[in-house]
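Novice: Top line first, the protein sequences correspond to chains A and B. Using the working numbering, read the first sequence as starting at 79 and increasing by one per residue. Using the working numbering, read the second sequence as starting at 122 and increasing by one per residue.
Think of the hints as simulated: they come from the structure by calculation, not from any bench. Treat the numbers as computed from the prediction; the structure is a model and nothing was measured. Fair warning: there could be bad hints in the mix.
Unchecked claim - Here are the simulated distance ranges between beta carbons:
1. B:F126 to A:P316: 57 to 63 angstroms
2. A:D101 to B:F126: 42 to 48 angstroms
3. A:P93 to B:S243: 53 to 59 angstroms
4. A:G94 to B:L203: 31 to 37 angstroms
5. A:Q136 to B:T332: 23 to 29 angstroms
Stated by the list, open to error - Using 20 angstroms as the maximum straight-line C-alpha spacing, the simulated EDC-like pairs for lysine to aspartate or glutamate come out as follows:
6. B:K138 to B:D312
7. B:K338 to A:E204
8. A:K174 to B:D127
9. B:K342 to A:E211
10. B:K307 to B:D127
11. A:K179 to A:E168
12. B:K338 to A:E211
13. B:K307 to B:E317
14. B:K170 to B:E235
15. B:K138 to B:D127
16. B:K338 to A:E148
17. B:K307 to B:E235
18. B:K138 to B:E317
19. B:K342 to B:D125
20. B:K138 to B:E218
A virtual CB, placed ideally from N, CA and C, is assigned to each residue, including glycine.
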Amino acid sequence: MRLDLNWGIFFQEIPGGGETYLDLLISGLWWTLGVSACAWVIALVVGSVVGTIRTTQQPWLVRLGNAWVELFRNIPLLVQMFLWYFVIPEFIPPLKAWIVKADPAHAQFLSAVLCLGLFTSARVAEQVRAGIESLPRGQRLAGMAVGLTQTQVYRFVLLPMAFRIVIPPLTSETMNLIKNSSIALTIGLAELTFRSREMGEYTFHFFEAFSAATLVYVVIAMTANRVMAVVERRVAVPGYIAGGK
Amino acid sequence: MTLDFDVIGRSLPYLWKGFLYTVELTAIASLGGLFFGTFLALGRLSPAKVLSNVAAGYVNLMRSIPLVLVLFWFFFLMPQVLQLVTGGERPPQIGAERTAIITFIMFEAAYFCEIMRAGIQSIARGQVHSAYALGLTYGQTMRLVILPQAFRNMIPVLLTQTIILFQDTSLVYVISATDFTGAASKIAQRDGRLIEMYLFVAVVYFVLCYTLSYAVKLLQKKIAVIR
Numbered sequence: 079m080r081l082d083l084n085w086g087i088f089f090q091e092i093p094g095g096g097e098t099y100l101d102l103l104i105s106g107l108w109w110t111l112g113v114s115a116c117a118w119v120i121a122l123v124v125g126s127v128v129g130t131i132r133t134t135q136q137p138w139l140v141r142l143g144n145a146w147v148e149l150f151r152n153i154p155l156l157v158q159m160f161l162w163y164f165v166i167p168e169f170i171p172p173l174k175a176w177i178v179k180a181d182p183a184h185a186q187f188l189s190a191v192l193c194l195g196l197f198t199s200a201r202v203a204e205q206v207r208a209g210i211e212s213l214p215r216g217q218r219l220a221g222m223a224v225g226l227t228q229t230q231v232y233r234f235v236l237l238p239m240a241f242r243i244v245i246p247p248l249t250s251e252t253m254n255l256i257k258n259s260s261i262a263l264t265i266g267l268a269e270l271t272f273r274s275r276e277m278g279e280y281t282f283h284f285f286e287a288f289s290a291a292t293l294v295y296v297v298i299a300m301t302a303n304r305v306m307a308v309v310e311r312r313v314a315v316p317g318y319i320a321g322g323k
Numbered sequence: 122m123t124l125d126f127d128v129i130g131r132s133l134p135y136l137w138k139g140f141l142y143t144v145e146l147t148a149i150a151s152l153g154g155l156f157f158g159t160f161l162a163l164g165r166l167s168p169a170k171v172l173s174n175v176a177a178g179y180v181n182l183m184r185s186i187p188l189v190l191v192l193f194w195f196f197f198l199m200p201q202v203l204q205l206v207t208g209g210e211r212p213p214q215i216g217a218e219r220t221a222i223i224t225f226i227m228f229e230a231a232y233f234c235e236i237m238r239a240g241i242q243s244i245a246r247g248q249v250h251s252a253y254a255l256g257l258t259y260g261q262t263m264r265l266v267i268l269p270q271a272f273r274n275m276i277p278v279l280l281t282q283t284i285i286l287f288q289d290t291s292l293v294y295v296i297s298a299t300d301f302t303g304a305a306s307k308i309a310q311r312d313g314r315l316i317e318m319y320l321f322v323a324v325v326y327f328v329l330c331y332t333l334s335y336a337v338k339l340l341q342k343k344i345a346v347i348r
């Protein structure tokens with residue numbers, strides 16, 4: 079083979095007929111974005127809670143939060159993906175029963191979302207904790223001094239500030255999440271990278287197929303960067319270096 | 122559901138071989154990545170616009186696409202590219218294991234570049250000026266003054282990145298290389314013992330990575346005191 083490129087390949091029909099290779103890749107892109115979006119919601123909610131409890135005064139809450147982060151951070155994501163798909167359902171009979179009956183794509187989607195969501199939650203928790211701890215100690219003390227309860231101190235004083243500080247590092251976590259979603263192909267989820275490999279295997283035009291996938295990932299990365307740069311500017315805290323004033 | 126953890130004992134020699142490959146891949150990729158990453162960092166910080174743009178382009182490209190896709194790129198296309206270069210009759214067979222090593226060096230170089238760049242930028246500008254004032258050339262300044270300090274300051278971050286790399290090497294599964302996870306997964310599928318094998322793999326990785334990151338934390342404290 080001489081790397082004879084054929085960029086028209088995207089508009090040829092796939093062997094089954096009915097749709098083109100371009101459609102194939104686009105359907106993969108939707109799965110990538112769908113998994114990432116759902117996992118992102120889990121990651122943000124769980125990560126915020128875990129990150130917050132790690133800064134409280136209750137030792138057992140702190141230990142629980144630390145254990146959560148260490149657990150998800152020290153096992154390879156691929157192994158976690160296998161655990162969620164092959165192992166955990168075996169210990170939850172109703173889930174297992176559902177998976178046997180369900181469309182395989184739905185079972186894969188559920189496993190991938192839970193796996194990526196909780197994996198990313200540990201990383202979000204780390205950022206949220208760092209954000210809260212970066213606040214001057216006086217903020218918490220001042221909150222207590224005006225008679226707020228611990229919950230109120232977090233709700234009205236610490237968290238609104240911490241989240242504004244934490245948004246820039248969360249951008250890169252979003253990017254990591256979208257990239258990590260490609261690992262779901264190991265449990266058979268037909269996301270973008272899966273589809274580009276499939277297209278390569280059908281046509282032997284791997285170069286074109288992977289170029290398309292690469293281009294899409296780069297565009298996603300650049301778009302996310304632009305969007306978050308705008309958000310960053312809007313939420314920047316005046317008086318901090320990022321705030322400019 | 123009956124569990125049979127004997128399967129681990131029975132397949133231990135095979136798993137050990139896979140584990141050694143994981144360690145070998147991690148070691149080669151981190152050293153190779155650090156080597157090329159340092160040059161990339163010097164390139165990115167170079168006043169020559171072309172050089173810094175090329176280095177930045179490479180780093181940003183590698184950092185915006187998933188590792189799985191990078192592995193596919195190299196696995197499916199390297200034989201063909203090598204054939205183009207050597208002009209042979211058929212694509213040379215280099216195998217999944219060697220493909221993985223080359224891929225990881227190239228991929229990690231981008232990440233190590235960013236770490237080394239931060240390390241170099243953390244050195245006070247006066248150091249460069251004084252080195253030049255002593256009559257050192259650019260190469261000598263970097264090699265004798267800046268890089269040793271940058272490297273030393275960044276040791277904890279470099280080690281943390283290596284632990285992440287150690288976990289990421291499990292992804293060679295997608296090109297069917299037999300690393301630790303790959304070996305476990307082959308046994309798991311052969312014997313129908315997915316639960317036992319994957320739990321075992323998870324525990325091994327957890328214990329190793331947790332211990333290593335704890336050691337890095339201790340080291341970080343020690344280095345911080347000396348500085």
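Novice: Taking the hints in turn, state whether each one holds.
Specialist: Here is how each hint holds up against the structure:
no., hint, result
1, B:F126 to A:P316: 57 to 63 angstroms, "holds (59 angstroms)"
2, A:D101 to B:F126: 42 to 48 angstroms, "holds (46 angstroms)"
3, A:P93 to B:S243: 53 to 59 angstroms, "holds (55 angstroms)"
4, A:G94 to B:L203: 31 to 37 angstroms, "holds (34 angstroms)"
5, A:Q136 to B:T332: 23 to 29 angstroms, "holds (27 angstroms)"
6, B:K138 to B:D312, "holds (18 angstroms)"
7, B:K338 to A:E204, "holds (15 angstroms)"
8, A:K174 to B:D127, "violated (25 angstroms)"
9, B:K342 to A:E211, "holds (19 angstroms)"
10, B:K307 to B:D127, "holds (16 angstroms)"
11, A:K179 to A:E168, "holds (14 angstroms)"
12, B:K338 to A:E211, "holds (18 angstroms)"
13, B:K307 to B:E317, "holds (13 angstroms)"
14, B:K170 to B:E235, "holds (18 angstroms)"
15, B:K138 to B:D127, "holds (18 angstroms)"
16, B:K338 to A:E148, "holds (13 angstroms)"
17, B:K307 to B:E235, "violated (36 angstroms)"
18, B:K138 to B:E317, "holds (19 angstroms)"
19, B:K342 to B:D125, "violated (43 angstroms)"
20, B:K138 to B:E218, "holds (13 angstroms)"
When each numbered hint is compared with the structure, violations occur for hints 8, 17 and 19.
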